[in-house]
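Number of protein chains: 2
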Amino acid sequence: MDIRVQKTFEALFALEDVRQTLRDSVPDGIGLHEGDRFHEQMSRVKAIINDLEAGTGSPEVTRIAGNMEIRSREEEYINIQPIQAAGRLTPEARKALIAYGDGYSACDNCRKPFRLDKISKPPIADFHTELAAFLNMDTARVVPGARRGFQAVASSLVGPGDSVIVSGLAHYTEFLAVEEAGGIVKEVPVSAGNKITPDAVAEKIETVIIETGKLPKLVMIDHFDYQFANEHDVRGISKVAHQYDIPLLYNGAYTVGVMPVDGKKMGADFVVGSGHKSMASPAPSGVLATTDEWADVVFRTTQMTGDVTKRKFGIKEVEMLGCTLMGSTLMGMMASFPVVKERTLHWDEEVKKSNFFMERLLSIQGSRVMSEYPRKHTLSKVDTTGSFDVVAQSHKRRGFFLSDELSKRGIAGEFAGATRMWKLNTYGLSWEKMRYLADSFQEIAEKYELQIV
Amino acid sequence: MDIRVQKTFEALFALEDVRQTLRDSVPDGIGLHEGDRFHEQMSRVKAIINDLEAGTGSPEVTRIAGNMEIRSREEEYINIQPIQAAGRLTPEARKALIAYGDGYSACDNCRKPFRLDKISKPPIADFHTELAAFLNMDTARVVPGARRGFQAVASSLVGPGDSVIVSGLAHYTEFLAVEEAGGIVKEVPVSAGNKITPDAVAEKIETVIIETGKLPKLVMIDHFDYQFANEHDVRGISKVAHQYDIPLLYNGAYTVGVMPVDGKKMGADFVVGSGHKSMASPAPSGVLATTDEWADVVFRTTQMTGDVTKRKFGIKEVEMLGCTLMGSTLMGMMASFPVVKERTLHWDEEVKKSNFFMERLLSIQGSRVMSEYPRKHTLSKVDTTGSFDVVAQSHKRRGFFLSDELSKRGIAGEFAGATRMWKLNTYGLSWEKMRYLADSFQEIAEKYELQIV
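Respectively, the protein sequence lines represent chains F and W. So the first sequence is numbered by the working numbering: it starts at -16 and just counts up by one. So the second sequence is numbered by the working numbering: it starts at -16 and just counts up by one.
This is chain F alone, in the form it adopts within the complex:
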């Protein structure tokens, strides 16, 4: 590990040890014993800080809790991993994790009616209001991942044997959410160019009606799918769904938090987003937003009464199981939110960088882009069977030669060993990094005598 990165972690960790001394002391001040410990720890902090500034010293801490390596992927590499790019934390989110790491840290000021989204200090209630507004929906809740949003909706709307329309490119978590509710997924066939069209959705709904004699209960559509990150016409699809009076779930795992999302304009009855995928938030986090029409269904409160004690827990929401993210995960999400809101306004620039990279990659002869092109997203699927895979065929490291070359240049997140079809995500990289990235691929191509056209 780069010594400056190493020493940054050591300094942070050493300060956590200092912090523990403060925690261990009784409130009337640092006692004599803790005082010694404090000063020893401070000496250590200062020595590390000096090394950090000078770029000197050698690693002293290499494991957390004895067996976890220090993760320095984001400090040492340009990370192009398909699902990690938009989930890396902002500095403010990292600070929130430091300050709010402890278990139920969000709950210090939980007062009647005792529900997470009603807490005003820290400003969790306001955050919920802003989150709904951000998506142009009426109500929002935080959930432990987008999948838990799918689950809440499926569990509320779908009964045993009911059909749910999903995309032929749907993520597996949509399958599971429907299966968990006892329903059956019905896939919309993918049209030319790997797109899901409103017409194909209409046709599928008709087929399901004929086959089952019943209307599907829900249409779930990914605005951008996880396989190609192609854009699908959610607005057109929602019109079709609504013609049949079927509600539409907008899967924004790859949109909410990176580009502007207007739920109502999209005709969404439900908007689901992922915190750890696209909102610069810790896992597991996500958002489920809905309209006034559906809020009472998906956020219905408990109707159960204890048969003996007559207890009721009236304000608790069944699908949320009461409270969802009671500590660091939510605090991280909230701390990133101002930056996340702002960054969605600069999506065009991210798309421009994505296309800049793609042009440069495509100039390496034999390379293809499998996603729609020009790109409308920063996640892309490429096919380098005709370029890097040709090299891999005769290289003793096979496909790993590309990983080796990328790693040497400080690039990580490609699927190790893959040189045929693979995905990458350039979200959030500066122009300087984009140029470095594109240059690196071309350098590797040149090194192995691939043609640049």
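Derived from the structure by calculation, the hints contain no laboratory data. Some hints could be false.
Since the list gives no way to pick one copy over another, a pair counts as held whenever it fits inside one copy or between any two copies.
[What the hints assert, rightly or not] Calculated lysine-lysine pairs in the DSS-like style (CA-CA distance at most 27 Å, straight line):
| hint | residue 1 | residue 2 |
| --- | --- | --- |
| 1 | Lys391 | Lys379 |
| 2 | Lys178 | Lys247 |
| 3 | Lys364 | Lys101 |
| 4 | Lys178 | Lys364 |
| 5 | Lys379 | Lys29 |
| 6 | Lys430 | Lys101 |
| 7 | Lys295 | Lys324 |
| 8 | Lys248 | Lys324 |
| 9 | Lys95 | Lys391 |
| 10 | Lys178 | Lys248 |
| 11 | Lys104 | Lys391 |
| 12 | Lys430 | Lys359 |
| 13 | Lys178 | Lys293 |
| 14 | Lys95 | Lys364 |
| 15 | Lys222 | Lys364 |
| 16 | Lys379 | Lys295 |
| 17 | Lys200 | Lys391 |
| 18 | Lys379 | Lys104 |
Following the hints, position chain W against chain F.
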């Protein structure tokens, strides 16, 4: 805020800013622009470190992301909040949050078959094995909170209209999990001393059979309940349940992570624990463990096939919705685990401290303990209607006088304003802190001329 605490946070935050500079730089080293920024930031770090060591300076950072206060409850106070005590993080967990905060940070080395509990680096697979062994169960999974464990079991076992036996002291999340599955809770009446007895469970099962003509599908019992933290005879109850061939869910939200739990000895078919409540872990986290007999039911893999694409996601578990805690939450849990395992061996000492405090509180005339006594747990419900509430009656701050007095002495976590029946938890406090805590209550009593007997 105490200036040393303040400066510790400022130093940690300033180092996160340094870290961001390292992140922003291209991999070939810190460029000129970043170099300037780096040195400016390092100067700032050093100035803060000097203030921290000397205990000088004034607060420079008071908010995260502009609107979140820095949480210093654990640094500045003895925290007796009923649900927070055993969820405060270990230093190693805090370091893990620092290193693994980013979104999908656990997934760098996710390889076939692509499931969280199979990842070997960081050692997530080993952690799952150890977690099952720790509970003496066959298989374990991490879940986003104990409630999500209840949900997975209820959803697997309980159908519409089915009955589930719960305690008359059951937590509301058990109600919700059953309701979400379409089932109905049937409460076991509380016996003398606020205990749930095997006989009462047997009687309730018989009643349900008569009333519904069907066996209950599940018995969920809290080893220690959340209201009094009284111990309930889970082992005896499991024998009763098994006589009817009904599986037993052991709710260990207040036991797993603080005391030894032997699931099989308890006769548990399912053990559920809470990370943020009792395993020194960030929220939302928890564990669901089961036996070989039930693993295929509750951890069943998806059977769904895409009707058009024929896609299958065979290894993904329906109730887990695939992967659960893909980043910091799990990493924090894992980092605390060695300490958590060790600390359960010292539960007797924790109980001793709990009783030490209770004796001192009870010596304030008019105070009562509502939980079973002597205490077998660190969470207790007390009744100070005859002591502190008498003061509150004529105090201009009413019940808040007690909060004020406690706060002045660096004690937090009592329910603000409550002077009649309230709960506290002394888990994890050193003997020094315990004495300080007990002395503080007695000092307050003396100040207001309550009798010490």
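Status of the hints after comparison with the structure:
Within a single copy, lysine 391 and lysine 379 get their C-alpha atoms as close as 17 Å, which meets the 27 Å cut-off; across copies the closest is 70 Å, which misses it. For the homomeric pair lysine 178 and lysine 247, the shortest alpha-carbon distance inside one copy (22 Å) is at most 27 Å, but the shortest distance between copies (52 Å) is not. With identical chains, the CA atoms of lysine 364 and lysine 101 are at most 27 Å apart between copies only, with a shortest distance of 26 Å across copies and 42 Å within one. When the C-alpha separation of lysine 178 and lysine 364 is checked against a cutoff of 27 Å, the pair qualifies only within one copy, where the shortest distance is 14 Å, while the shortest distance between copies is 60 Å.
Taking the shortest alpha-carbon separations for lysine 379 and lysine 29, neither the intra-copy value of 47 Å nor the inter-copy value of 49 Å comes in at or below 27 Å. Taking CA atoms no more than 27 Å apart as the test, lysine 430 paired with lysine 101 passes in neither setting, with 59 Å inside one copy and 37 Å between copies. When the C-alpha separation of lysine 295 and lysine 324 is checked against a cutoff of 27 Å, the pair qualifies neither within a copy, at 38 Å, nor between copies, at 36 Å. Proximity of lysine 248 to lysine 324 under the C-alpha cut-off of 27 Å is restricted to the intra-copy arrangement: shortest distance 18 Å within a copy versus 52 Å between copies.
Taking CA atoms no more than 27 Å apart as the test, lysine 95 paired with lysine 391 passes between copies only; the shortest distance there is 25 Å, against 56 Å inside one copy. Only within a single protomer do lysine 178 and lysine 248 lie at most 27 Å apart by alpha-carbon distance; the minimum there is 20 Å, versus 55 Å between protomers. Taking identical chains as interchangeable, the C-alpha atoms of lysine 104 and lysine 391 lie at most 27 Å apart only when they sit on different chains, with a minimum of 21 Å there against 47 Å within one chain. For a Cα distance limit of 27 Å, the shortest separation of lysine 430 from lysine 359 qualifies neither inside one copy, at 31 Å, nor across copies, at 70 Å.
In the homo-oligomer, the alpha carbons of lysine 178 and lysine 293 lie at most 27 Å apart only across protomers (18 Å), although the nearest pairing inside one protomer, at 53 Å, exceeds that limit. For the identical chains of this complex, lysine 95 and lysine 364 are inter-copy neighbours only, at 19 Å across copies versus 49 Å inside a copy, given an alpha-carbon limit of 27 Å. In this assembly of identical chains, the alpha carbons of lysine 222 and lysine 364 never lie at most 27 Å apart, being 29 Å within a copy and 56 Å across copies at closest. When the C-alpha separation of lysine 379 and lysine 295 is checked against a cutoff of 27 Å, the pair qualifies neither within a copy, at 67 Å, nor between copies, at 34 Å.
When the C-alpha separation of lysine 200 and lysine 391 is checked against a cutoff of 27 Å, the pair qualifies neither within a copy, at 51 Å, nor between copies, at 57 Å. With identical chains, the CA atoms of lysine 379 and lysine 104 are at most 27 Å apart between copies only, with a shortest distance of 25 Å across copies and 59 Å within one.
Hints 5, 6, 7, 12, 15, 16 and 17 from the earlier list are contradicted by this structure; the remaining hints agree with it.
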